[in-house]
Structure formats: C-alpha cells, structure tokens
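Can you make the complete structure from the sequences, with help from the hints?
2 protein chains.
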Amino acid sequence: MDLDEAKYKFIQEWGVLGSSWGINRAMAQIHACLLLSPDSKTTDEVMEELKISRGNANMNMRALIDWGLVFKEFKPGERKEYFYAEKDLWTVMKQIAKERRKREIIPIRDVLAEVSTAQVGDSAEGKEFKKVTKDIDSIISKFDGLIEMASKSDKNWFLKILSKLVK
Amino acid sequence: MDLDEAKYKFIQEWGVLGSSWGINRAMAQIHACLLLSPDSKTTDEVMEELKISRGNANMNMRALIDWGLVFKEFKPGERKEYFYAEKDLWTVMKQIAKERRKREIIPIRDVLAEVSTAQVGDSAEGKEFKKVTKDIDSIISKFDGLIEMASKSDKNWFLKILSKLVK
DNA sequence: TTATATTTTCAAAACTTTTTGAAAATAAAA
DNA sequence: TTTTATTTTCAAAAAGTTTTGAAAATATAA
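Those protein sequence lines, which keep their order, are chains W and G. When you line the first sequence up against numbering that gives the first Met the number 0, it's residues 0 to 166, in that order. When you line the second sequence up against numbering that gives the first Met the number 0, it's residues 0 to 166, in that order.
Calculated directly from the structure, the hints in this document are not laboratory data. Even for Gly, the Cβ is constructed at its ideal location relative to N, Cα and C.
Derived BS3-like pairs (lysine-lysine); straight-line CA-CA distance at most 25 angstroms:
| no. | chain 1 | residue 1 | chain 2 | residue 2 |
| --- | --- | --- | --- | --- |
| 1 | G | K93 | W | K130 |
| 2 | G | K154 | W | K126 |
| 3 | G | K129 | W | K154 |
| 4 | G | K50 | W | K129 |
| 5 | W | K130 | G | K71 |
Now the stretches of chain W that chain G is said to cover, found in silico as 3 or more residues with beta-carbon under 8 angstroms:
| no. | region |
| --- | --- |
| 6 | 0 to 12 |
| 7 | 17 to 23 |
In structure tokens, the structure reads:
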C-alpha cells in the first residue's frame, strides 16, 4: 500500500466514524485531510482532494473552526485563505469533549434538573421515575465533572491517568 | 410539573441525545420509556405511549434486545410478549460501551493497523501521515483498553474511580 | 473608480435514514 | 383441523440531512 492509498483509506474511515458520532462525513473527512497534511491547505485543495463542492468545503471548514479544531492562516502576498488543523491530539480531544458537553450534556442535565422538581406523587410509576432520573443524573454529573476537570488540566493529565489505569 | 409532563420531557430529550450518538430517536425513546416503567410493557403499550407504529416499535425493540439493553418476558396465560429494560445503569453503560467498541473502535483500529504497514516514503507528507496515525492509534488503544478493562471489572469499579477523580 | 479573485450563502437536488402500514409468518386456542 | 392473536417483515412514503452550484457579497488589486 502506498501513501495515497493509505491516506484515502484513513480519510474514508474517519468519515464513517464521524457519522456515528453526529459529525457529518464531509466535516470529518476535511478534518482528517488537514490533520494528515504537513502544510496548511486552501479550500480548492481540499475540494480537489475530497471531491466535494465549494459550498460543502466552505461550510464544514467553518464548522471545524467553530469547534476550535481548525484555524485560518493568511499568507503574505496571497489572496487565498489557508487552513490547518490543531495537531496536538490531547487538545483535539479536549475541544471535542468541550463542544459535545455544551451541545449534549448541558441540555440533558438541564432537563434532569427540571424534572427533579416535578410533583410525581408516590405511585410506583412516580417512585421509579425519581429513582431512574436520579441515577442517571448521578452518572452524567460524574462524566461532566471529569470533562470539566480535563479541560482545565495539564496537557497529558488524562492520558497519564489512562496509561496508569490500563497499563 | 406532574409525572406525565416530566416523563414526556425526559423521553423527548433522551431521544434527542440518542440522535447525536448514532442511536435513532425511536430506539432511544423506547429505551427511556422502558427504563422509567416499573413494570414490563407490551408492544402495544409502547406504541400508544410514544405514538409510533407497530413496525417501528417492533424493530427498535429488537435492536435494543440486540444491544443487551432490553429483555423479553413471557407471562403465564398471556399471549403477548412483555419487554423490560436493564435498570442497573452501570450495566447499561457497559453494554453501550461494548457495542460501540464493536461497531466503531474495532473498525478504525483495523484501518490504523492496516495503514501502519503502508510504504509511505520519507516525504514530509509520508512522515506526517506516520506521526498522526501513530498518535491517533496510541490514544484510541488507551480508550479501547479502558473499555475492555471496565467490561471485565466489578460493578462499580469505574464509577468509584470516577468519583475519586472528580471528588 | 472598475475589474478580478475569493468567500459566503442558500434554495433546490440528491441522498440517507426512519417510519409506516399492511401482508406474510408464526404461534396459540378452539 | 380452523380460527384468532400476535409478531415480523419489508416496500413504499415521509422525514431528515447533506451536498451542490450558481448568485450575491466581500475583499483586494489595478
């Protein structure tokens, strides 16, 4: 297998993985493409490499910037914008965790807080509702705390802990 | 807010959360509905509560069984099948992690292993490819190890560690 | 200023996923 | 056996999401 084949394979699979994580294929593939590139790339280069339209490339590139995973660069004397990905995978993970926390964990925690004040009565149904939602909140709040902790902590803190745990 | 309202709110939000995790809305909502119910439910009851069709209820109920999150029960003298959810949230998490590992982590690790043998040359591109894919593999393999460890370990091991970490 | 390069937007088209509902299959009762 | 209850299947419809491509907006150069 040569470099192009390997790149192609990896980019395709990164797209599939993205899809099952609520990140659309083009966005994941652009991310992979920029991660793998030693230099920053223009929209046209990305369009060409991934065979996607300008609109698609532009929108998803900006979504990646929004997620804090990609940055713009202006080269002196050049009119085109260049894009490059955050390469430090610890930072990448932290950013993704942060965004998903905002989009997914906060909303469900809000709902859990809201329903925790409901007058559910003392029927079996009411009791079960209290019990299950309390359990769920307790787990989610632990993960939430972990993410907050990780976002604030030193570069390899989490990876070190992981390494120790898993050995 | 009364029980019905609270239930409705939670079920809806669980559906939204599911969607951004690659689990379809109906599947997530059925799961929530069974989690909240003190008794096992028939297909008809679930259809009625969630306002979904028989086919939809049947297919997703079976997907949940496939994921190991829901079980069938036969009541003596009754022809209808009853369904109930695994209530222990630690087990629920373990099951979900296990399934997602199978569907998502294994395939990307397979691709990473495959491309790691590619002849990428020693261009800047080739070197960057090696570096980035190696980094990604190293992180993913740590998570993978963590999941494997958690699946084998005692009921609250992971939660205890989480609690300690987060305090 | 006008011309040219580049980026952004967004309605419509293409594609994907989910849902429905009715027919087929299965299982239990009469 | 036949009848009735129940579950399963799956083609078609509906809904949702992504992508395209061309027009509008913006920015730089001449």
